[in-house]
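Sequences listed follow chains P and W, in order.
Residue numbering for the first sequence follows my numbering, starting at 1 and increasing by one per position.
Residue numbering for the second sequence follows my numbering, starting at 1 and increasing by one per position.
Keep in mind that the hints were calculated from the coordinates and are not lab data.
For every residue, glycine included, the Cβ atom is placed at its ideal position computed from N, Cα and C.
Careful, some of the hints might be misleading.
[To be verified] Label-pair restraints from in silico Cβ distances:
1. SER59/W / THR10/P: 25 to 35 Å
2. THR16/W / GLN81/P: 39 to 49 Å
3. LYS41/W / THR114/P: 30 to 40 Å
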Amino acid sequence: GESVGLHLPTLSVQEGDNSIINCAYSNSASDYFIWYKQESGKGPQFIIDIRSNMDKRQGQRVTVLLNKTVKHLSLQIAATQPGDSAVYFCAENAESPVIQGAQKLVFGQGTRLTINP
Amino acid sequence: DTEVTQTPKHLVMGMTNKKSLKCEQHMGHRAMYWYKQKAKKPPELMFVYSYEKLSINESVPSRFSPECPNSSLLNLHLHALQPEDSALYLCASSPRGGTGPSGSSYNEQFFGPGTRLTVL
Numbered sequence: 001g002e003s004v005g006l007h008l009p010t011l012s013v014q015e016g017d018n019s020i021i022n023c024a025y026s027n028s029a030s031d032y033f034i035w036y037k038q039e040s041g042k043g044p045q046f047i048i049d050i051r052s053n054m055d056k057r058q059g060q061r062v063t064v065l066l067n068k069t070v071k072h073l074s075l076q077i078a079a080t081q082p083g084d085s086a087v088y089f090c091a092e093n094a095e096s097p098v099i100q101g102a103q104k105l106v107f108g109q110g111t112r113l114t115i116n117p
Numbered sequence: 001d002t003e004v005t006q007t008p009k010h011l012v013m014g015m016t017n018k019k020s021l022k023c024e025q026h027m028g029h030r031a032m033y034w035y036k037q038k039a040k041k042p043p044e045l046m047f048v049y050s051y052e053k054l055s056i057n058e059s060v061p062s063r064f065s066p067e068c069p070n071s072s073l074l075n076l077h078l079h080a081l082q083p084e085d086s087a088l089y090l091c092a093s094s095p096r097g098g099t100g101p102s103g104s105s106y107n108e109q110f111f112g113p114g115t116r117l118t119v120l
């Protein structure tokens, strides 16, 4: 069935270290994935996305890796900063873009990232 | 203007009240979404509008009634809600197609800050 999950509900890292947040998905037909960051009291903020025809995509201080063989997605944050503290969600496009471009995203359970000084 | 706005930020209502949540975007996006998010849970899709037409209703109870008056506005009308409907209600929008700001050719969704709803 359609489900997207995360391996760990919480993750603590030292400031300046790299963070790796993992996500497992179950729908092998999913062709698009997004990572969102949600700070307390705010809506989800887009971080980075990746299509299923790619294995890796890099942004500013963030890298997303996609392993379709084991249906695994990860978000790497380099040199973690206090402002990176938030809940991180992966989201999966559960269907191909349908009906004039609207998408249906399914979110994972989220990982709370805490930065230790 | 590159953001999705939502009003009100907070809303407290009784079970017999009628209220509306509003969402607005001026990015020219033609798909708009309502999500419900309970505490410590991920957003759950409620409705999708594409070109001002309702395209997805995730079996949401009829006490929630969406409306899309034009391509920039999305409303969620609330009536006879239950305490368990208390949650953060998020609006999102996405471009129909083409290339988004990230350079991806798929349509990332941009979220508003949400309306924190409490039903007494």
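Inset, instruction - Note whether the CB distance of THR16/W and GLN81/P lies within 39 to 49 Å or breaks it. - result: With a Cβ separation near 47 Å, THR16/W and GLN81/P satisfy 39 to 49 Å, so the hint holds.
Legend entry - SER59/W paired with THR10/P, Cβ distance criterion 25 to 35 Å: Holds: the Cβ-Cβ distance is about 32 Å, inside 25 to 35 Å.
Inset, instruction - Could you say whether the range 30 to 40 Å given as a hint is met by the Cβ separation of LYS41/W and THR114/P? - result: Check failed, 19 Å falls outside 30 to 40 Å.
Checked against the numbered hints above, the structure violates only hint 3.
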